Amino acid sequence: MTGLREFSFLRRRPGGLFSGRPLATCTGLCLALALTGCQGVLGNSGEEAALGEDGVDEVDGSENGALGAGKKALNCETPQGSRSLPRRLTQREYRNSIESLLGSTIDYETVLTGDSTSGPFATNHGSPASTLSVEKYLLAAEEIAAAAADNLDDVLPCEPGDRSEECARAFVDSFARLAYRGTLDDTAAELLMDSFRSASAADGFASGLSLIIEKVLQSPYFLYHIEKSEPGDGSMVLEPLTGYSVASKLAAFIWEGIPDAELLQAAERGDLANAEGVRAQALRMMKDDRAAESFVSFIEQWFQLPQLSQVQKSQEEFPEFSPSLVNAMRQETATFVRWMLQNDQFSMEQLFTSNHAFPGTELADYYGVEPMSEGAPLEFEAEERYGILTHPSFTTLFSHTAETSVIRRGAFIRDHVLCQTLPEPPANVNTILPEVADGVSQRERLQIHTEDPSCAACHAFIDDLGFSLEHFDALGKYRVEEHGLDIDASGALTGTSADGDFSSAQGLVERLLESEETTECAVSQWTRFAQRRSASEHDLCSQRELVEEFLASGGDFQSLILSIVESTAFRFHDPSHQPEGAIL
Amino acid sequence: MKFSRRNLLQMGGAGAALASFLPVLNSEAQEEGTPKRIIFYVTHNGTIAEEYHPDGAGKDFSFRRILSPLEPYKDYVTVLGGIDLDPLLGWAPHVGHGMLLTNVEPRQEDRMGMGISLDQFLAQSIGQETFLPQLLTGTVPYTGVGGTYMKWQHFRGPADPVQVEPDPYAAFDRVFAGSGSSQDGLIALANRRGSVIDGVRADLNRIRGTLPQDDRFLIDAHLQSLREVETTYAVPPPVCDGPTLEGGINVRSNANIPQISRMHNRVMHAALRCDATRIGSMTIGAPTNGIAHPWANANVSHHGLSHEGTAEALAMLININTWFFEEIADLVGLLHSTPEGDGNMLDNTLIVYMNPLSSGQKHTKTDLPITLIGGKWHFDTGQYVRFSNEPIGKLLVTLAHAMGVEVDSFGDAATSQGPLSGITI
Chain A
1 MTGLREFSFL
11 RRRPGGLFSG
21 RPLATCTGLC
31 LALALTGCQG
41 VLGNSGEEAA
51 LGEDGVDEVD
61 GSENGALGAG
71 KKALNCETPQ
81 GSRSLPRRLT
91 QREYRNSIES
101 LLGSTIDYET
111 VLTGDSTSGP
121 FATNHGSPAS
131 TLSVEKYLLA
141 AEEIAAAAAD
151 NLDDVLPCEP
161 GDRSEECARA
171 FVDSFARLAY
181 RGTLDDTAAE
191 LLMDSFRSAS
201 AADGFASGLS
211 LIIEKVLQSP
221 YFLYHIEKSE
231 PGDGSMVLEP
241 LTGYSVASKL
251 AAFIWEGIPD
261 AELLQAAERG
271 DLANAEGVRA
281 QALRMMKDDR
291 AAESFVSFIE
301 QWFQLPQLSQ
311 VQKSQEEFPE
321 FSPSLVNAMR
331 QETATFVRWM
341 LQNDQFSMEQ
351 LFTSNHAFPG
361 TELADYYGVE
371 PMSEGAPLEF
381 EAEERYGILT
391 HPSFTTLFSH
401 TAETSVIRRG
411 AFIRDHVLCQ
421 TLPEPPANVN
431 TILPEVADGV
441 SQRERLQIHT
451 EDPSCAACHA
461 FIDDLGFSLE
471 HFDALGKYRV
481 EEHGLDIDAS
491 GALTGTSADG
501 DFSSAQGLVE
511 RLLESEETTE
521 CAVSQWTRFA
531 QRRSASEHDL
541 CSQRELVEEF
551 LASGGDFQSL
561 ILSIVESTAF
571 RFHDPSHQPE
581 GAIL
Chain B
1 MKFSRRNLLQ
11 MGGAGAALAS
21 FLPVLNSEAQ
31 EEGTPKRIIF
41 YVTHNGTIAE
51 EYHPDGAGKD
61 FSFRRILSPL
71 EPYKDYVTVL
81 GGIDLDPLLG
91 WAPHVGHGML
101 LTNVEPRQED
111 RMGMGISLDQ
121 FLAQSIGQET
131 FLPQLLTGTV
141 PYTGVGGTYM
151 KWQHFRGPAD
161 PVQVEPDPYA
171 AFDRVFAGSG
181 SSQDGLIALA
191 NRRGSVIDGV
201 RADLNRIRGT
211 LPQDDRFLID
221 AHLQSLREVE
231 TTYAVPPPVC
241 DGPTLEGGIN
251 VRSNANIPQI
261 SRMHNRVMHA
271 ALRCDATRIG
281 SMTIGAPTNG
291 IAHPWANANV
301 SHHGLSHEGT
311 AEALAMLINI
321 NTWFFEEIAD
331 LVGLLHSTPE
341 GDGNMLDNTL
351 IVYMNPLSSG
361 QKHTKTDLPI
371 TLIGGKWHFD
381 TGQYVRFSNE
391 PIGKLLVTLA
401 HAMGVEVDSF
411 GDAATSQGPL
421 SGITI
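Each protein sequence line maps, in turn, to chains A and B. Under the numbering used here, the residues of the first sequence are numbered 1 to 584, in order. Under the numbering used here, the residues of the second sequence are numbered 1 to 425, in order.
So here's chain A without its partners, still in its complex pose:
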C-alpha cells in the first residue's frame, strides 16, 4: 500500500507559479513568474537554519538569494521544543515486536496496511487508524495467537506442560508488560485474566491464552506510542519524558521494535532520566543485531530502496533483468551498511564515497566479477563506484524501464540529500519531451530544459545533478557511452554553500559533502527517523546543536545516533505544543 505523507511538517510551497489561473503551456504570461519560480521560493524542508557566527542566525534578506530563502533567525537562548502526536506502530515495528514477544514472524506487507510517512520514513505520526487497519490488526492478532497456541511450551514462561492459571498470570505479566512497553497496570492485567478465565473455562487453556494474545495485540497500549512526561511545577516549558516513554523511543529508533526486559528495568530504576543513562543503554542496544537491521532500514528508507520490488525493465534493452537480480542489488546496499557498522566506519564519508562493492553470486555474475567472500568486499575504481548514489540499487530505482532518468536522480538528490524542496511543475504544463532520435544523448534530449527559460528556472537545480550519474545505466551498470556517444557527466552544483563545477559523480559527491546543506540534511533525515516525525520550528535549535556535534565528530553516524538520544529533543517535550495539521 502506498504511504500517506505526514501532513504536519511538510513545507512544500507551491510558489508564485500557481496563481490559480489555467495555464496552457508555460510561456508568455507565466514567463516572468517562472523566472522567479525557483528563486526565492526554493526553500529548505522547513528544518535547516543557517549556521550563524554569533549564535543568532541572520535572515537571508536577498530576494534573489535563490535557495535558502526559508532560513529564519533563531533565538536559542531559552529552551524550546515540541512534542509528538500518538502514533501507531509501523509495519516493521509491529513485525519486530511480534518476533521479540513470541519468536514468530509475519509478512507485514500483506498482513498490515501501509504506513504514513514523514519525509521518506514510515512513521504513522498522527495517522488515524482506518477501518481496514483495524480489521487487519484483528485478523493478524488471531493468526499470531493461533500459532502461539500451537507452540505453548515455547511461548509460556513456565515449566513445560504447565497449563495452570498461575502460568497464565505469569504469561500476562511478562508478555503484556513487554508488549505494552512497561505500561501494564494491575487493572489491565486483571481484565486480561478475566478474559482468560471465561475462555479457558469454556474451551480450555489454549483458547484462553490465545484470547489474551488477541486482546493485547489489538490494544492501543501495544499499537500506539504515546509520549508521557513527568509533570513539573509549570515553571519549565519542557518536561522530561517518563522512563517508559524514553525506553519506547530508544527501542523504536535503535531496534525498530520494543524494549527488552533490561531496558524496562533501566527505566524503572530511573537510569533513563539523564543523558548518561540513556547513552549507556543506547551503547548496549547498538551491539545487538537488531540495531544493524534498524540502521539498514534507515538507509533503505532514506534512499527509497524498498520500492525496488516494483521495478520493471524493458526485456529488449535489459535481457538480464529479473526481480531476483534487482533484489540482489538491494541486498548489496544492505550488506554495505552492515559492513560499515561492523567496522566502525558508519559515516557520511563512507556512505557517499566508498568504492567498496559487496556483490553476492548473482550480482557478481552480472558484473562479470568474482563474488565477495565473507567480510572481504571488492574494491572498484572510483569512477565505477563512489558511494551509495552510484550503487546499482539506487541507479536502477531512479531510472525508467529502458533508460536512465536524469530528472528523477537529480530531483532525489535535491530533495533528499540537500533537503531543498522544489516547487511543483506548473499546472497544465506540456510535459512532452522531444522524441528520442538515434545518436542523441539524454543531455541533448533535455536541452529544452535549458533553452526554455520557463523550464530552466527550476530545472537548473535538477538536471545537472542527474547528469553526474549518466555513467550508470538503468540497470546499474557502469558505461562509458550511450548510443555510440561518450557520456558527458559534467555539470554544476548550484544553490548550496559549495557550488561549482564537476565532471563526474565523484566530483559532485565531493561538493555535496562540503556543503552545509548536505550535512544539515543528513542530520534531518536521522532525526526524522529517530523521532518518527519531521522537526517543527521549535526543534531547530536542537537540530543546530546536533549538526555542530556531527561536524565535530567528522560526520560519524554512530556519534550522531548517541547525540540524538542524549539530546533534549529526544528526552523532553513541550506538553503545550500543538503539532501542526492536527484536526481539532
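FYI, nobody ran anything at the bench for these hints, they're computed from the structure. Not one of these hints is a red herring.
Output of the computed footprint for chain A on chain B, the stretches with three or more beta carbons under 8 Å from beta carbons of chain A: (1) 161-168; (2) 185-199; (3) 213-222; (4) 228-237; (5) 250-263; (6) 281-292; (7) 296-307.
Pair ranges (Cβ atoms, derived): (8) GLY484(A) to GLU326(B): 35 to 45 Å; (9) SER179(B) to LEU191(A): 33 to 43 Å; (10) GLU537(A) to PRO158(B): 21 to 31 Å; (11) SER104(A) to ILE249(B): 19 to 29 Å; (12) SER373(A) to ASN250(B): 26 to 36 Å; (13) PRO158(B) to ALA382(A): 45 to 55 Å; (14) GLY247(B) to SER104(A): 18 to 28 Å; (15) ILE249(B) to ARG338(A): 33 to 43 Å.
Owing to the predicted nature of the structure, the values given are computational and were not obtained by experimental measurement. Backbone N, C-alpha and C fix where the C-beta goes; we use that ideal spot for every residue, glycine too.
Starting from the structure of chain A, add chain B where the hints point.
For chain B alone, kept in the frame of chain A given last:
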C-alpha cells in the same frame, strides 16, 4: 428472507434464525422492489481524448477504441463530457483524486481529501441495510514507503482516509466467511470477537481520557473504525457462496495484475449477488502509477508514457486505457448475465467510471472522463451527453439522488447546486 445485519442483531444471534439462509446462485435481492447498487470505478493518469470520447452525440453515437469493450452493453451506457474539477484548474498536477468524490478542495501539501467522499456518505446513509455497508477493493500496486503524491480518494471525513483492500483473497474472506462453516462455529467466533473488541474499546476509552484534548481525534477515529469492524466481525456472516477463485496467486506481484483484477470483479459481483453490500468502490492503479502493462502491449511505466509524446507512447496509452475498460466490461458482463427479477443484475446496478485527469500529459482537470453504466431506474441511458463546464459537485448530487438519498448539495455547496439536468428519466 433477505439478510440484514439489523435483523440479525435484533434476533440476538440465535442459531435458529440463521437456518433460513441458504446458498443461492441467483441474486438474493428479490422482494420489496429490488434494492439498487452503485459501484465507483476509478482509474488514473487521464485518458486519450480522441480515442475515448464517442463519435456522434445524444442517442446517435458510436464508441471509439477505449470504450469499445462496452459495445455489448451500449444501451446501458451514458458517456458524459464537460464535467470539470472546479476550481482546481490552476492547481498543481496530480491533485484531483482528493476532490473527485468529495467536491472539497484538498489540502495542498499532501492532496489529502478534506471532506467526506460520496461513497462513504452513501455507506453511512444506506449501508446499514446490508451485512457490509460497503466493499472497497483495488488492483493497486504494493509499493514501499514514500511516493510524492497522496493516493487516497475515499474519505470518511476531513483528513480521514479510507483504504481499499488490495488482496482479493482477503476481500473474499470478508464477504464469504460464512460459507462452509458451521453455524455454531460462526456464532462462537462472532461472540469471541465481540468480547475482544469490547476490551479494545475499553482500553481506547481509558487512553482517551489521558490524552490532551487536541490529540483525542486519533482515538476517536480508531473507535469509529472499531465500530465498523464490529458490525462486520462481531456478527455471524451471511451464508452465501462466493466465486471460485484460483488459489495461490501472489497478489503482490505486478505480473499478476490481470488475474487480480478479474478476481476483484468476481468477488464484487458475488458480494452484490448475495446482497452482502450495495455500495462498492473499485480502482486500478493509482495517481502517477508507474506500473508497466505488458499484457496490454505497454512495456513502459504508465505515468512515464503520459510524458513521452511519441506515436509509440500514444499507442501504448490507448492500449492501457482500453484494457481498463476490458476489465470494467468483464464486471459489467458478470452482472448482465445474472438473472434478477424480470431482468438481470445490471438493471439494478449503477457503475460510475471516473478519472481525476482528462489529459495525463497536460494534467488537465476539465472535461473529465466520466461514464455511467447501468442506473436505468434513474438515468436515460444509451447516450453521449456533453455539458458545458459543469462542476463535479453536481454529478455527485446526481449520483446520490440515483441511490435514493435526497441531498441539495455535496461538499462545497457553491459548486454543487442541485443535480445535472437532462440525463435522468
